[in-house]
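Novice: Chains as they are written, first to last, in our numbering: chain A, 1 to 347; chain G, 1 to 57.
There are no misleading hints in this set.
With the Cβ distance kept under 10 Å, some of the chain G side facing chain A (calculated, not the full set):
1) M28
2) K29
3) I33
4) V53
5) I54
With a Cα cut of at most 27 Å, we get these calculated DSS-like pairs of lysine-lysine:
6) A:K314 x G:K22
7) G:K8 x A:K246
8) G:K22 x A:K339
9) G:K8 x A:K339
10) A:K314 x A:K298
11) G:K22 x A:K252
12) G:K21 x A:K252
13) A:K191 x G:K29
By construction, these hints were calculated from the structure, which means they are not laboratory data. Computed from a predicted model, the values in this text were never measured in an experiment. Glycine included, C-beta positions come from ideal geometry on N, C-alpha and C.
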Amino acid sequence: MRLTRDKRPRLGGTHAQGTNGNLWDWLKSPGLFLLILPLLAGCNSIEGFPDRPEKESTALESLREKYFLPAIDVLDVYETKAEEAEKRNYRDKVIHGRLLALDLQYAIFKKAIYKEKTISDMSHSISGVVLGAAGAVVPGADASRILSALSGGLAGSQTAINKTLFYERTMPALLALMDAQRDTVRAEIMKGLAQDTSRYPLGSALSDLERYLQAGSIPGALATVTATAGEKSVKAETQLETIRTKEFVDTKAQRDVDEMLDMADSLPAGAAWDILEKPPAEIDAFTSMAVRGRLGGKDLRNAQDLLSGEAKDKDAKAILKMVLALTGDRSPESISAWKAAMQSRMK
Amino acid sequence: MPATIDTKELFPPGTTESRMKKEVDLRMKACAIRSHYTGDKTNGWVLVTTWNVIGQQ
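Whenever a hint applies, use it, and build me the whole structure from the sequences.
Specialist: Structure, rendered in structure tokens:
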């Protein structure tokens, strides 16, 4: 509804009682400005992030200079280190420095997104305050009609400010997903850094850092949303639950599993898939279902594309270790069979 | 939503907490994202472990 001077609505209509003014006059009044002023004045404080003691851009710049040599140069420097301790120290320094830089960059990214949302929320709050105040001021039968029209106009402007509902609904979910994905990759990197450089060389760590970067990106999150739809259906059709026996938690059985996990780590490239393809002992239904879940619904027998080859060896080892940890049969026979299979493939 | 799966294992009454801790260690060593148990020695334990889906983050 357009409010013109000729057709401006009278509050309470022609039968209004008392001294009520009209809406047009009220909207022009200093009262409206006073209502909105605190919201505008508080803009800085509603950004939702505390100030940093150090400027992010300054911190990032110093990290860039120190840790962001081109990957090839970093690897060259790494190769010049002869001793394991030196190599490991250099690897850890580079990775921790880059992790910190990526975390700072991600914080800036999130802040920018949150700011967008705050602007949108603030416009919504203002419209809510204006309508709430007008509702309190405006009595009479025509008031609801006028306010409804005005509300429509404000809703329209809200849409214009928002452009889309992206920042309102989708972005918080995507941010939560990005956080979770980053946590997952970060945990893997930390696990890697706990190992020596022969098991987790700098090249692998840099490659994992790339995944870390991707995990905190919108395209990365959207890709996961799509993939998770498939995963959820797998979850729905499987009950990943089992009952363990007392023998399963026997001290010796646990020690044997621990040893087998070490052996799996030491297998040469390709051997883990080799063993999984023709397991030396039966893999029970629970473990098979768990493996299937981790393979996005694919049966282990058909997982060649996911686990075969040198590039996929890390994943094949992860699956083998999962099988070793979860397989319900921890009898001496079963453990001997798994150990023998791994032993025969050791270099 | 992260691309993960959870496994749930029920351990019998009488199992000591140190055995449960060892089970958690074994799962973490086997590349789990996280693993935690609830319960007690008298009533038994529930061990829930989260694993990543291969090929996704």
